[in-house]
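If you read the protein sequences in the order shown, they are chains A and B. The first sequence stops at residue 371 when you use the numbering used here, and every number in between is there. The second sequence stops at residue 450 when you use the numbering used here, and every number in between is there.
It cannot be assumed that every hint is accurate.
[Unchecked claim] 30 Å max Cα-Cα, derived DSS-like pairs, lysine-lysine:
1. A:229 <-> B:263
2. B:402 <-> A:229
3. A:229 <-> A:300
4. A:300 <-> B:263
5. A:291 <-> A:229
6. A:291 <-> B:263
7. B:440 <-> A:229
8. B:263 <-> B:440
The set of hints was computed from the structure by calculation and includes no laboratory data.
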Amino acid sequence: MPLPLTPTCGNINAIELLTNQSLDSIFATYMQTFLPVISNNNSVMTFTGPGGARNINVTGPGQTLTIQLSGWKSLLQEDFQVLTERIDPVNHVISVVTLQGHPLAGWRYWRVYSIGTNDVVIETGAYDQPGPGLKNYSGYYIAKGDILLGWQQYLQFIQSRLHAPQGSNLHNTLGGIQLQTYPWGNPTLLEGYWDYPGTFTDYILDNVCQSTSCN
Amino acid sequence: MRKRTKVMVAIVICAAAVAASALRIYFIREDSGGDVLWNANEAYLFIGVSRRGAHVSYLQYPWMIFKEYVGGVRLPDNERGSVTVIQVTPSGVEQHIVEVANTSPGSGPGEYTPFEGRIYANCPALGGLCRWAGDHFERATEDESTRLVSSSFPDSKGWSNRVFGLTSWPLDNLGGWSKRAIGAGPANTFARLTADVGGRFTLSEKSDPLDHTGYAAVSIYVQRPSQTPERIWYLDGHPRRVSKAEYELTFGRR
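Next comes chain B alone, as it looks inside the complex (with noise of 0.2 Å):
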């Protein structure tokens, strides 16, 4: 009886170890951050969202807890990146999302930069200078990248300085049009920004205070005069554990 309660026991502990090492635990987070570009008559959200995710074993979770407790981190297993893309005007919003296929640093749109009108940026990925075709990135052309390396606007600080005659610096009223930083998250550490674009609306940036956690929702608002605000854009993306089913629907199928 003594003999069988041992194996019994034995049999119960491999099996448990099995499982451990086969059982999968799923977390995602989604980090976010982009730039705001707005003159007297609109403003352009460019945010770009990087999905994150990892899948460790039972086995291997109070290892990764304990290397986060002394301050390493965990390289992500699947990573999935976007640009949301939102126009405001003061008759209305229109929002784009563009995927982005190659997910290593740097791949993603950035350094936008208003000029003549449009808006420029670098698109590694379409192989350089681009602009914001309305509902996509196109690559801009020779002429278009001659005239805005070659371009001479008021003097700004760090304007000078300009790779592909674009600008990563902030703008105040840089031919009419202003630049900051915007919606990063999920960390509830971040300034968040209000702009008053020509009167006519307003944009601004709230924090919800996710409980226990330290990390924040981000909310997007539109104040138009009179009206009550609009949410333009929402984004709860505190790391958290999720199911199988939704690891694999944001990634895909592991």
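Next comes chain A alone, as it looks inside the complex (with noise of 0.2 Å):
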């Protein structure tokens, strides 16, 4: 079946922080191990390592992570991956890339870095289209937002086991870019950032790949 334009759109959760503990320690303890979605940590998925290990280490490129979403109905979701693209311990970026069977075509990083003394900021943001097919194509639209939900809360989990209470320098901005207002009103960052007009897509392909085009 023929469809329409394929959307092609960015979106970036991030949160503020105010804590003491060091950029590697927040990198290793919470982004390396994907600590946040594994095991019942999420209410959205799960992430599992190779072989159903549910020790995650990220530690470089091509590792392939296995994401099962948490449903109601008796019989299991179909399990989908990603596989690790950059993993950058001195800027603490993590980067992967959708594979065949995703629901989503494109990639996703995460990132920490600090904006002052005992400030860091910890985000997560993507740039995909729908996968193949018309079942991906409507449920990039179904489910959009349920995938913000599901970062809103990797996100809050790791300001819960920081105990770090949230700054207050993310107000329309993020990386000196400014947010498009919508009519609609705008969900915070934690919650989720559609980014329509684009203006975030080189800052998103910067961190997944450090160059505008990624592959």
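Please dock the two separately framed chains into a single complex, following the hints provided.
Below, the structure is given as structure tokens:
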């Protein structure tokens, strides 16, 4: 069935936390391990490592992670997978590319960085489009809010474990880029921002692969 | 007569629509996961269990099914958390269940770390570093916190990257202690663990696949030399429809 123009869009969740924990520690403890999305830590999704390993240790490109969505039907939903693309312990960035079978086709990154003394930002962003087929195409619109909720929980998990209050510098801006104000109102960056105008496309892709064109 | 039939049909349809919007279907799933820590003498299992529930009207149900089909997730309406702590020694098994009042992400205990013969953890509900005190978690002292943060353990990958002196990484014979993730489910996609505790007993996880679902019940056994395996934990948490009564029993009256 021919489908209308395939949408390609970015989305970002971010949180500013006031903590004296180092970027290295946050990166190693919560991001390389994907702790916020393993076991029962997230009500939207569960990640496992190769062979169903529950301890994830992302150390380099080419590692496969499996994602399971949490459903209510008795029949299990299909798993889907991503492949690590950029693991940068210096800049504290992890990025992945979706593999065939994933309902989305594109990239996602996770990053932690400092914006001041004891003031860090943790963010995750994606640049993607629906996977092939009508099912993924309709799911892109129907399920898009669920994706942001899952990543909101990811950030809240880290906030909770760091016992860190939120900072107040992420109002309508991220990485020096102004957020677009939509007529229907903007949720907070923690809840997730959809980059319909494409203002953050280069920013997201730079985090994914340090280029404005990723493979 | 014809008009009367039409009216009757309309009434039946209206009644069915009202019933479909008023009557609800209840679902529960139980997700679990935690850590097992062991040395040559004993083992501790810390297994978090999240009971999540959703209830929808019969009118909403087809939409929920369709949304899941296209990759969506309906968030739970109700949630209840607990941590089951099991201490296994060569002579016995002791089990405690600790309720987790706050079910927001990351609120339960985690990052279990052995130190000076005790198990420490990150307990957001207690405001920070805590330790297992035999039948409950209690806040660690400032002195303990200082010692843990400044401790110099044998070099281990990730050990130097600690938050509050704790680690979420697996451990291999670090100061005599090892640690692995355990008890995750209900999806039957997980690698299962076997741990030898100083040659005194073995802990093993097993999956019992649930027919036609892709899910599995998780069991944990203790195997002592010359004895039959003893099951010390079991959870069939696969998503399932339950009665309103069972739902209310789990989450309280809605």
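### Message
Just to be careful, I want the Cα atoms of residue 402 of chain B and residue 229 of chain A compared with a cutoff of 30 Å; is the pair within it?
### Response
It holds: about 23 Å lies between the C-alpha atoms, which stays within 30 Å.
### Query
Given the proposed pairing of residue 291 of chain A with residue 229 of chain A, does the C-alpha separation stay at or below 30 Å?
Cα-Cα ~18 Å, so holds.
### Query
For the pair supplied as a hint, residue 440 of chain B and residue 229 of chain A, is the alpha-carbon distance within the 30 Å limit?
Given that 30 Å is the threshold and the Cα spacing comes to 17 Å, the pair holds.
### Query
Hey, residue 263 of chain B versus residue 440 of chain B, does the alpha-carbon distance stay inside 30 Å?
Holds: residue 263 of chain B and residue 440 of chain B sit about 23 Å apart, inside 30 Å.
### Message
Hinted pair, alpha-carbon criterion (30 Å max): residue 291 of chain A, residue 263 of chain B. Please report holds or violated.
### Response
holds (10 Å)
### Message
Between the alpha carbons of residue 229 of chain A and residue 300 of chain A, is the straight-line distance 30 Å or under?
### Response
This hinted pair holds, its Cα atoms lying about 20 Å apart.
### Agreement of residue 300 of chain A and residue 263 of chain B with the hint, judged by alpha carbon distance not exceeding 30 Å
Given that 30 Å is the threshold and the Cα spacing comes to 11 Å, the pair holds.
### Query
Keeping to a limit of 30 Å between CA atoms, is the pair of residue 229 of chain A and residue 263 of chain B held or broken?
holds (11 Å)
Consistency note: the structure conflicts with none of the earlier hints.
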